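Given the structure of chain A, go ahead and fit chain B onto it with the hints provided.
One-letter residues, chain by chain:
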Amino acid sequence: MLQLVVAGLTVGSGYALVALGIHIILRSTRIINFAQGEFVILGGLLAYSVVTYLHANVWLGLLIATVGGFLIGLAYERFVLRVAARGGELTVTIVTIGTVYVLLYGHALVWGSLPQPLPYFSGGASDVAWHAFGFEISAQQVWVLGLLAVALGALALFFEGTAYGKAIRAAASSPVGAQLVGIDVDRARAISVAIAIALAAFGGTIVGPITLVGGAAGIAISIKGFVGAIVGGLDSPVGCAVGGLLVGVVEKLLEGRFGYGVSDPVIYGLLIATLLVRPQGIFGARRATRD
Amino acid sequence: MSDRIKADTRLLPIVAIFVIAFGILARGNTNLIQAATFAAIDAVAAIGLSVLLGNVAQISLGQAGFFAIGAYTLGYVSTAVTWPAAIPQWAQFVLATVAGTVLAGVFGVILGFIALRFRGHYLAMATLAFGLLVVGVVRITPSLGGAGGLTSIPYPQFGSLSISGVAAYWYAWGMVAIVAVLTFNLLRGRMGRAFEAIRNDDLAAETVGVPTRRTKIAAFAYAGALAGFAGTFYAAFLGLIDPSEVGVDFSIVLLLMVVVGGAGGVTGAILGAAIIGITNVYGHDLENWRPVVYGLLVIIIAIRFPRGLIGLFASRRTSQQTPQSDPDSATTEPTPRQTLPSASDDRAWLRVEGVGKRFGGIVAVDDVTFDLKSGTLTSLIGPNGAGKTTLFNAICGVTRPTSGRITIDARDVTGWQPHRIAALGVGRSFQNARLFGDMTVLENVLVGAYRSETATLASDLLALPLSRRSGRAAVERAEEALRELDLTRIARVRASDLAFGDRRRVELARALAANPGLLLLDEPAAGLNASERERLRGDLVRLRARGMTLLLVEHDMRLVMSISDRVMVLEFGKLIADGPADVVRDDPRVVAAYLGTA
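Here the protein sequences line up with chains A and B, keeping their order. Start counting at 1 in the first sequence, then tack on 211, and there's your number in my numbering. Start counting at 1 in the second sequence, then tack on 1, and there's your number in my numbering.
Worth flagging that the hints you see were computed from the coordinates, not collected in a lab. Just to be clear, a hint being listed does not mean it is correct.
[As the list claims (entries may be wrong)] Stretches of chain B that chain A covers, calculated by requiring three or more beta carbons in the stretch to come under 8 Å of a beta carbon on chain A:
| no. | segment |
| --- | --- |
| 1 | 50-64 |
| 2 | 106-119 |
| 3 | 297-303 |
[To be verified] What follows is a list of derived Cβ distance ranges for each label pair:
| no. | chain 1 | residue 1 | chain 2 | residue 2 | range |
| --- | --- | --- | --- | --- | --- |
| 4 | B | GLU354 | A | LEU368 | 51 to 57 Å |
| 5 | A | SER384 | B | ARG493 | 43 to 49 Å |
| 6 | A | VAL392 | B | ARG590 | 39 to 45 Å |
| 7 | A | LEU213 | B | ARG421 | 17 to 23 Å |
| 8 | B | ILE88 | A | GLY298 | 36 to 42 Å |
Keep in mind the model is a prediction, meaning the values are calculated, not measured. Even glycine gets a Cβ: it sits at the ideal position worked out from N, Cα and C.
Okay, chain A solo, but in the shape it has when bound:
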C-alpha cells in the first residue's frame, strides 16, 4: 500500500508538473494546451538523445531538455498559439490538438515508436534502492520528489519573489492594466508558455528513468495532468501540484488493486465527474460570475 503510494507520488510528480504547466498557460493566455503531455515526452526524448548520442551525463540531459523545452515553448507560443488565438477559442483547441498529432507522430518518426530507457540519476543502468519501515524506496523516486520540490520552489520564488515574475502575473490577471504600466504583455505570455513547456520537459526527464521515454502516452499524460489541475483547482498552483500527485497515487493504487488498464477509465470518469460536480476543483475558489 505505502509502496504504491510512493510509486504514485513519483508518476504523480510528472502529472503535477503538467498540471502546473496547464495552469500557467491558461492563466497567461486563456488557452488550454492539449499538447502539454507531448512536451513531457519530447523533453524525455531530448535528454535521451543527449545521453545516447553525445554520451553525456544524464544531468546534462536534464539541463538541455529543460532549456530546450524553454526555447521550444517560446517558438510554440510565437508561431502557433499566438497566431491561433486570433481565430478564437475553437481554433485554438483544434490547433493544440493538431500539435498533439504532429508531436506524437513526429516523435515516432525521429526516435521510433517504442519507448526508450533513460539512465537513473544515481547508478546509471540500475537504480539504487533502500528498504526501510517495510517498504522500498528507490533513489530515483527520491530524486523525482526532491527535484519536484526544487522546481516548485524555484517557480514560487520566481513568480512571488522577483519583479519580473510579478510582472508576468500582472500581465496574466489584467493584460490591459499591465500594458498601461509598461509591461510587455506579449513577452510575458511567451515567457509563461516557455516556462510551462520547460516544466513539462523537466518532468519528462526526471520521471523518464522510471516510465521510459517516448511512445504514445502523451495524450494520456495531458489528460491526467488536466485531471490533476481540475481536481486541485485550475486557478490554484498549489492545488494543481497536489491534484497531479493525487492522480498519480490514485492511478497506482487502482493498478495495484485491479490490474493494469482499469486506472485510465476511472481517471477519465473522475475528470468528467469533477467537471460536473465541482468545476472549480478542491482548492479553487468559487467565484461569483455573471452568467
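Only chain B this time, still in chain A's reference frame:
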C-alpha cells in the same frame, strides 16, 4: 447560414454523380473500391461532427467513442447474441444497425448534458475524456473481447447478396446519401436556424425563444448517432473491431476531415473524408510522415483557411454598399395582427416582487417591487451602475435573482430559463444590439419567429409538408415584422454589415417577430442620431397603441419624459421613485441622484 447550404445545394449533385460514376468505373479495382467504402463510412461520421463544429460551434474530440459504441453494438449483437431462427440474417443486421445508431445517439444526449456545463476548452477536454473512457472501458471488458476486440463478425447477407466488395461500396455511399439528405433538410429548417443562432450568439438566441440547451443536446445526439451509424457498418464491413481502431487518433482524424473539407454542412465533410481516403490509397510511400502531415494540415488550415476547402466554393455574401433604410420614408400602415399575450383582465401582467440580486458582496438590485399593466410604456432610469440591466436580466431569466419573485400573468417564472420566459411573450433588446452577425437580416428575424413555428425535428429531417408550411408562415411573419419597421429593403444584408442604427431596428424586428406582449428595451436610443430617435419614438408609440407593454431602460431624458406613462428611478439597486413623468422629474431624491445633493 444559407451560404453553406447553397454550397451544399450546388455541390451535392456533383458529388452524387461522381460517386455513381466511380462505383461503375472502378468496380474491378478491389483496392480503390475498398478505400472508397472506408471513405464513405468516415464521411457519415464526419458529417455529424461537421454539423456540431460548423453549425453549432460545439467541439467534440470524442467522436471515436460514438463510433466505437455503434461498432461494438453491431459486433456484439451479431456474434454473441443467439437470435431466434425465424429472424433472417439481414433483419438481424438491420436491427443491430438501428440499435448501434440509437445507442450512440443516447450517449450523445448524455455527452450533450455534460457539454452544457462547459464552453470551449473545457468542453473539448470533457469530450476527449469521454472518447477515451469508452475505449478504456471496452478494453477491459471481456465480453467485448478486451484488447483483442471482437472478430468473425459476419458480412450482412441480403438473400444471396453478401454486402462486401462492390456491394459494400454502394451500401456505404447509400448511407452517405441518406445522411446527407437528412442533414441538408435539418440545416435548412427550423432547427438549422436555431443552430446558426446559437453559433452566432448563444444568449441572444435563448432570449428570443430558442431553447439553446435542448438544441445543443440534440446536436450532440445527432452527431453521436451518425458516428454510431458509421461504426455499425465499419464493424460489419471489416468483420472485426478492436479498441486500437477507435482511439483518440480516430477522433482527431475525423476532426481533420472536417477541418480540411470545411466545417458546417454536408459537402465539406464528404470532401474531407474523400481526401483522407485518397491518402490512404496513395500515401503508403510516406507512411510514417502521413500523420505528421495530417497534424500540420490541421494547424495550418485551422489558422489560415478556417472555412476549409468548401470555403473556396461557398462565396461569402457581402454587400457592396451597406444600404440603409430611409428614416424619412413613410411607414406602412400596421397590418392587423393576432392578439398579443396580455393579462386577461386589468390586473398587472408582469409583477416584480422584492427582487434582489447580489454578486458576491455587491448588491446590484435590492428589493425592487413593481408591476406593469398591459399597454403601458414605462421607463426605468437611473445613473450608470444602478442595476437597470441586471433587473432586465432577472426579468427575462438571464440571471437568477437571489431573492424575490417574478410573475408573468400570475405565473411564477422566477428561475425559469430565458427561452421559456420568451415563450410567455417577453421580448428584449440588448444595450449593444446582439444580432446573429453571420445571418442576413431576414434570417435574424426568422429566428425571432422560432417559437411560432410548428415544424418538428422529424418533419424537418424528412422535409415533410408540415415543415414547408411552418417555414413559409415564419417567413411571412418575419417579413411582416420587417415591413412594420421599414426594413424590407435590407432583408438580404448580412447583419454584421449593418450600420448601428439599423442593427437596433433589426433587433427590434426580431423581437417583434415573436409577437411579444412585453418588450424590454435596453437603451434603444443610445447611439442613434436625431432622425433615428424620432423614428424610434414613433415605433414605440405605435407599439403601445397596439396594446404592447413596454419597459425601457433609457438615458435620453427628452425621449423618456415625452413618451412614458410612468417613470421608475433606480439608484444603487433600489427603486427611489415611481410615478408619472412630471412628478418623478421634480422629485428631490431623483434630482439628488442625478445631480448630487447640493
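Here is how each hint holds up against the structure:
no. : hint                                : in the structure
1   : 50-64                               : holds (count 4)
2   : 106-119                             : holds (count 3)
3   : 297-303                             : holds (count 5)
4   : GLU354(B) <-> LEU368(A): 51 to 57 Å : 56 Å, holds
5   : SER384(A) <-> ARG493(B): 43 to 49 Å : 45 Å, holds
6   : VAL392(A) <-> ARG590(B): 39 to 45 Å : 40 Å, holds
7   : LEU213(A) <-> ARG421(B): 17 to 23 Å : 55 Å, violated
8   : ILE88(B) <-> GLY298(A): 36 to 42 Å  : 52 Å, violated
The structure fails to meet hints 7 and 8 from the earlier list, while all remaining hints are met.
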